[in-house]
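Peer 1: Take a look at the letters that make up each chain.
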Amino acid sequence: MIKGKCWVADDYVMAYDIIIQEYWTSAIDPEENSKWVMAGVKEEFNKENAFKDQGFTFIVAAHNFAGGGKSIEHVITGLMGSGIQAVFATSFARLQFRNAINYGLPFVTCDDIDKGCETGDELEYNPETGIINNITKGTSFQSVPAAPFVAEVGAAGGLMNYVREKIAKGEPIE
Amino acid sequence: MGMTITEKIMARNSGRDHVVPGELVWTDVHTVMTMDYLGKTCFDKFRSLGKTEVFNKDRVICVSDHLVPPPNQKFATMLNEWREVVKQHDITNFYDLGRQGIAHQIMVEQGHVLPGTISIGTDSHANTYGAVGAVGNAIGVTDAAVAMATGKAWFRIPKTVKFHVTGKWQPWVMAKDLSLHIMGMMNWNGHLLYKSIEFTGPAIESLSMAGRMTLCNMTVDLGAKNGIIAPDAITQRYLKDRAIGDWDMIASDEDAEYDQVYTIDISDLGPTVAMPGKLDDTVPVEKLIGTKFNKAFVGTCTNGRLEDIATIAKILRGKQVHRDVNMILVPASQTVYLQALREGYIETLIEAGVAVDTPSCAACAGIHTGVAGDGDIVLSAGNRNMTGRMGSKKAEIYLTSPSVVAASALTAVVTDPRTLSV
Numbered sequence: 001m002i003k004g005k006c007w008v009a010d011d012y013v014m015a016y017d018i019i020i021q022e023y024w025t026s027a028i029d030p031e032e033n034s035k036w037v038m039a040g041v042k043e044e045f046n047k048e049n050a051f052k053d054q055g056f057t058f059i060v061a062a063h064n065f066a067g068g069g070k071s072i073e074h075v076i077t078g079l080m081g082s083g084i085q086a087v088f089a090t091s092f093a094r095l096q097f098r099n100a101i102n103y104g105l106p107f108v109t110c111d112d113i114d115k116g117c118e119t120g121d122e123l124e125y126n127p128e129t130g131i132i133n134n135i136t137k138g139t140s141f142q143s144v145p146a147a148p149f150v151a152e153v154g155a156a157g158g159l160m161n162y163v164r165e166k167i168a169k170g171e172p173i174e
Numbered sequence: 001m002g003m004t005i006t007e008k009i010m011a012r013n014s015g016r017d018h019v020v021p022g023e024l025v026w027t028d029v030h031t032v033m034t035m036d037y038l039g040k041t042c043f044d045k046f047r048s049l050g051k052t053e054v055f056n057k058d059r060v061i062c063v064s065d066h067l068v069p070p071p072n073q074k075f076a077t078m079l080n081e082w083r084e085v086v087k088q089h090d091i092t093n094f095y096d097l098g099r100q101g102i103a104h105q106i107m108v109e110q111g112h113v114l115p116g117t118i119s120i121g122t123d124s125h126a127n128t129y130g131a132v133g134a135v136g137n138a139i140g141v142t143d144a145a146v147a148m149a150t151g152k153a154w155f156r157i158p159k160t161v162k163f164h165v166t167g168k169w170q171p172w173v174m175a176k177d178l179s180l181h182i183m184g185m186m187n188w189n190g191h192l193l194y195k196s197i198e199f200t201g202p203a204i205e206s207l208s209m210a211g212r213m214t215l216c217n218m219t220v221d222l223g224a225k226n227g228i229i230a231p232d233a234i235t236q237r238y239l240k241d242r243a244i245g246d247w248d249m250i251a252s253d254e255d256a257e258y259d260q261v262y263t264i265d266i267s268d269l270g271p272t273v274a275m276p277g278k279l280d281d282t283v284p285v286e287k288l289i290g291t292k293f294n295k296a297f298v299g300t301c302t303n304g305r306l307e308d309i310a311t312i313a314k315i316l317r318g319k320q321v322h323r324d325v326n327m328i329l330v331p332a333s334q335t336v337y338l339q340a341l342r343e344g345y346i347e348t349l350i351e352a353g354v355a356v357d358t359p360s361c362a363a364c365a366g367i368h369t370g371v372a373g374d375g376d377i378v379l380s381a382g383n384r385n386m387t388g389r390m391g392s393k394k395a396e397i398y399l400t401s402p403s404v405v406a407a408s409a410l411t412a413v414v415t416d417p418r419t420l421s422v
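So the protein sequences, as listed, match chains A and B. For the first sequence, my numbering assigns the number 1 to the initial residue and increments by one for each residue that follows. For the second sequence, my numbering assigns the number 1 to the initial residue and increments by one for each residue that follows.
Honestly, I wouldn't trust all of these hints.
With a cut-off of at most 25 Å between alpha-carbon atoms, the simulated SDA-like pairs for lysine to any residue come out as follows [stated by the list, open to error]:
1. Lys169(A) <-> Ser48(B)
2. Lys393(B) <-> Glu44(A)
3. Lys278(B) <-> Asp11(A)
4. Lys57(B) <-> Arg12(B)
Stretch-level coverage of chain B by chain A, calculated; a stretch enters the list once three of its residues show a Cβ under 8 Å from a Cβ in chain A [stated by the list, open to error]:
5. 35-44
6. 114-124
7. 145-159
Worth flagging that the hints you see were computed from the coordinates, not collected in a lab. Glycine included, C-beta positions come from ideal geometry on N, C-alpha and C.
The shape of chain A in the complex, shown without the other chains (with noise of 0.2 Å):
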């Protein structure tokens, strides 16, 4: 179970805002990273620790979250560095969703979640089940479940150590 407040975006958010430009070509850090995360999604974002220092465990996002093509994993350690611990949106953009899959932060769909919620809102999520509880607002949402592969390398702490303990084993990959 990961109990938290959100923060919700009040529009599309892209993976180019989520990590300006000249952060692209920095080192793949979460510490690093999250340092200006968010910075072009809003102006307050925009000062160094400014996003992380809010203290947010979960986004909420409407559609298409992280899209604008950017395959950069920057976005996703970024994230994570500033203590975001899962995602929940109506809907994904594919690049960033694999990059999520890959580290284990868990990007979770879940239909209406956009409109059920505020910034600051206390959030409690439930992984096996899906189940998202608004403690502030009192109601509840049902969310997609991670598929078993996803769960897999989310156990694992994402597909570097899946892959690694099974190179070190001599487990085929298949």
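Once you've looked at the hints, dock chain B against the given chain A.
Peer 2: What follows is chain B alone, placed relative to chain A:
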């Protein structure tokens, strides 16, 4: 039940007879591409998996494209580290400055993608490879590192959406116009997220490889997993002296199941423009006639090929780019550049007042040659127009085809190439 071409490729490369959408498979990858600013991280991550040798030295393709030639010390140092790591792993195919090009152009033009196989790359426009009937997929450095170690990647089998395109192309209308038209038509409704897009029909069969690359290239911007065109005689001719390895004429089964089929008649399709900020906010060129701009850009993995250059040279031959416009051409690769030079296009363009730069991603990603500054209005034949994409957040980017860019460069206002006397 039959399978679509993408399903067949996924089945074939995961050792199965049959796959259905939604299934998760590990497939063999034919080639893995990475490039300058992410490449070192790929190799570092690859070694952290406990491996020292890549799965196949001939099939990890390394390209310098985003940072070359280095415009500043930071990029120069990154390139030095990149060269060192490529050398250390004894990679056969390294397209560094001097032999460079935009990675996706290099992958297709140098024969590193083959019909019926899967190639992945650490840049979002890897969808381009579908032009030859391959599954081209954009991935992050983690997937690249895993593939470099194992020769494999995981995929969820996507549903396929078919665009069946009929009719006859109007003069000066290009594959880019069809791409932008589809953007506008789909209106970012999310329907194409995670899907495979297959292009079929007489208007696709008549397209050259350059046009097919443009079309497949921009499927990533529709949210799709891949875009693909089945190989045919044009593919065969194109690959004859390039393909490294064997391939066959793979195609969708007649009874393949599609998530959706759209039919487009391009006979009425004219030059199309995406308005600044959003790709799906498209209009016919007629609506913008007379709109002022001050920068013109032709290049990128979307429109920097020989045919694109031939088109703009035909329009600008014997004429002059308007004095209020700065026009830049960046050929997609050294091979394209040399061909354009031999054909006389480069001479024509320089005489017309076009600046030609050495192949790179240039200003497309806003980090290299020709970036936009405050107040710039750019007419671009690139692929993205969001605020700040080419540099300043106070610049505006209109996206369109090379023929509209060239016709408009003559007048400094948006111009319909069909009204020119060429």
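Peer 1: Does each hint fit the structure? Answer for all of them.
Peer 2: Verification of the hints:
For a cut-off of 25 Å, the pair hint linking Lys169(A) to Ser48(B) stands: about 15 Å separates their Cα positions. For the hint pairing Lys393(B) with Glu44(A), the CA-to-CA distance comes to about 17 Å; that is within 25 Å, so the pair holds. Taking the CA atoms of Lys278(B) and Asp11(A), the gap is near 14 Å; set against the 25 Å cutoff, the hint holds. Between the alpha carbons of Lys57(B) and Arg12(B) the distance comes to roughly 23 Å, so the proposed pair stays at or under 25 Å and holds.
Counting residues of the stretch 35-44 of chain B whose beta carbon lies closer than 8 Å to any beta carbon of chain A gives 3, which meets the minimum of three for the stated coverage. Only residues whose C-beta sits within less than 8 Å of a C-beta in chain A count toward coverage, and the stretch 114-124 of chain B has 3 of them, enough to reach three; the restraint holds. Closer than 8 Å: that is the beta-carbon criterion, and the stretch 145-159 of chain B has 7 residues meeting it against chain A, so the requirement of 3 holds.
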